[in-house]
Amino acid sequence: MQTNPTGLKPKIALANSRVISFHVNGIPRMVDVSPWVSLLDALREHLDLTGTKKGCDHGQCGACTVLCDGKRILSCLTLAVMKEGSEITTIEGLAQDNHLHPLQKAFIKHDAFQCGYCTPGQICSAIGMLSEGKANSRAEVQELMSGNLCRCGANTNIIDAIMEIKNAGGYE
Amino acid sequence: MNNFNYTRAKNIEDAVLSVSQNSDAGFVAGGTNMIDLLKYNLIHVTLLVDVNHITGHQAVTENADGGVRLGAFATNAETAYHPLIEARYPLLSRAILAGASAQIRNMATNGGNLLQRTRCYYFYDPHTPCNKRKPGSGCSAVGGYNRIMSILGTSEDCIAVFPSDMCVALATLDAVVTMQGVDRTRSLPFAEFHRLPGNTPERDNNLQPGEIITSIDLPANGFEKNYSYLKLRDRSSYAFALVSVATGLDLKEGLINEARIALGGVAHKPWRVKGAEDFLAGKPPTPGNFATAAEIIIAGAIGYGHNNFKIELAKRAIVRNCLMALNPESQRPGAHPSL
Chain R
1 MQTNPTGLKP KIALANSRVI SFHVNGIPRM VDVSPWVSLL DALREHLDLT
51 GTKKGCDHGQ CGACTVLCDG KRILSCLTLA VMKEGSEITT IEGLAQDNHL
101 HPLQKAFIKH DAFQCGYCTP GQICSAIGML SEGKANSRAE VQELMSGNLC
151 RCGANTNIID AIMEIKNAGG YE
Chain F
173 MNNFNYTRAK NIEDAVLSVS QNSDAGFVAG GTNMIDLLKY NLIHVTLLVD
223 VNHITGHQAV TENADGGVRL GAFATNAETA YHPLIEARYP LLSRAILAGA
273 SAQIRNMATN GGNLLQRTRC YYFYDPHTPC NKRKPGSGCS AVGGYNRIMS
323 ILGTSEDCIA VFPSDMCVAL ATLDAVVTMQ GVDRTRSLPF AEFHRLPGNT
373 PERDNNLQPG EIITSIDLPA NGFEKNYSYL KLRDRSSYAF ALVSVATGLD
423 LKEGLINEAR IALGGVAHKP WRVKGAEDFL AGKPPTPGNF ATAAEIIIAG
473 AIGYGHNNFK IELAKRAIVR NCLMALNPES QRPGAHPSL
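Line by line, the protein sequences are chains R and F.
Just so we're aligned: 20 in my numbering is position 20 of the first sequence, and the numbers increase by one with no gaps anywhere.
Just so we're aligned: 348 in my numbering is position 176 of the second sequence, and the numbers increase by one with no gaps anywhere.
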């Protein structure tokens, strides 16, 4: 199946499909999706934004975490049609003008990944967590990051990376 | 996931009309359980009615009677972190934050929390008999691998556990659930909302087809001085409870004026025993008295083999949590044990 940059698939008849619009990484996008297409599949398969990862596809691993209107959510347990009109931010939208986001730099500095599969979700989740402002200690950061699993075992370094940014007073 | 149609409801009336006119229609709010069940083909809908854009049920507000109203479509995170809930119902805040993950709490709604389905492995496995999934097919958990299953209020047809943390606190607080259908609005005390399995385990609760939860009301007493939520599980975060306990104590001159204790992870609904709470009234808050209360609460518990450990675990958890309630500041993130 071919995709094109707009996400529209003109020659394929999809049952009940509809064109919906939302902003992804600050850019207005339109996708032609059936109601049962998850936000995760819309991003990956329709918009070719494959940075967001499909891990379990059942809300258990956090690899698909994206920011929706600034809040971290699981794109696998969200239907794309439910997010029409929303502002979605994925890992592809974090770097600005070829400069990595401070959390991306911190993950590299602290060797906070091995295979990297959980990393986009970890970073989006950490951005959401820091903006929530509810974690006041390392233990609370660990607790509030527990929805993102790293099966390589980089968790300690992941928390180190997040704590560096948190202790620096954020990045904005 | 089967094919279905999708519509956004403009208001509650619109939503209940759409769903009540179509027996294969369902509501979707946060979707964290609904969409997962659709993916496993455990539920089939021909129409999904999105209630997220209905206004008027997303707030947490004070009631005239001194209590607080939780909008059914407020998210779990909005509720747990709301200043009114943090200050006056910290037990509820704790219980919500002990459940799921931050991402799921950002999505899941209060109404949806009450309606989540069991996490029984056989319910999720369509290749095995399950009376909850397919009435009359049998229960695979009785005589099967039943480590996470119920020890109280079971029937020969179902030993599934209701997995919510939030609802254990709502049961403790004597919340009231309000729901709306096509032709009426009604309320139920929290204890009457969820059901025991009996011989109709396919029904988790007393919500009627086409009805939707619109609000959950909390009475004025939030037990904010002496409360605790303890959740025991296989890993220290992001796992369902094996046993959880919510305790609210009202102390007066060194004695227990009123005690509330509810258990999660042990039954088809949050488990409260009035006899145990009555026993504690007027007595000093000692380990011995809490242990006697625990015996009253757990009386009649049945182990099914792998879950026998829950009986002793629940007793000890009750005592520990009641002692923690005497010193709520000692609690740590995610309902970790503090004693």
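FYI, nobody ran anything at the bench for these hints, they're computed from the structure.
There may be inaccurate statements among the hints.
[To be verified] In the BS3-like style, the derived pairs of lysine-lysine whose C-alpha atoms are separated by at most 30 Å in a straight line are:
| # | chain 1 | residue 1 | chain 2 | residue 2 |
| --- | --- | --- | --- | --- |
| 1 | R | Lys109 | R | Lys134 |
| 2 | F | Lys455 | F | Lys424 |
| 3 | R | Lys105 | R | Lys54 |
| 4 | R | Lys54 | R | Lys109 |
| 5 | F | Lys306 | F | Lys397 |
| 6 | F | Lys446 | R | Lys54 |
| 7 | F | Lys424 | R | Lys71 |
| 8 | F | Lys455 | F | Lys397 |
| 9 | F | Lys424 | R | Lys134 |
| 10 | F | Lys455 | R | Lys71 |
| 11 | F | Lys446 | F | Lys424 |
| 12 | R | Lys54 | R | Lys71 |
[To be verified] What follows is a list of derived Cβ distance ranges for each label pair:
| # | chain 1 | residue 1 | chain 2 | residue 2 | range |
| --- | --- | --- | --- | --- | --- |
| 13 | F | Pro301 | R | Cys115 | 37 to 45 Å |
| 14 | R | Leu100 | F | Ser502 | 51 to 59 Å |
| 15 | F | Asp422 | R | Ala95 | 53 to 61 Å |
| 16 | R | Glu132 | F | Thr179 | 41 to 49 Å |
| 17 | F | Asn429 | R | Gln96 | 45 to 53 Å |
| 18 | R | His58 | F | Ser359 | 44 to 52 Å |
| 19 | R | Glu132 | F | Thr357 | 31 to 39 Å |
| 20 | R | Lys109 | F | Ala392 | 33 to 41 Å |
| 21 | R | Leu100 | F | Gly477 | 17 to 25 Å |
Ideal placement from N, C-alpha and C gives every residue a C-beta, glycine not left out.
Violated hints, by number in ascending order, as checked against the structure: 5, 6, 7, 9, 10, 14, 16, 17, 18, 20, 21
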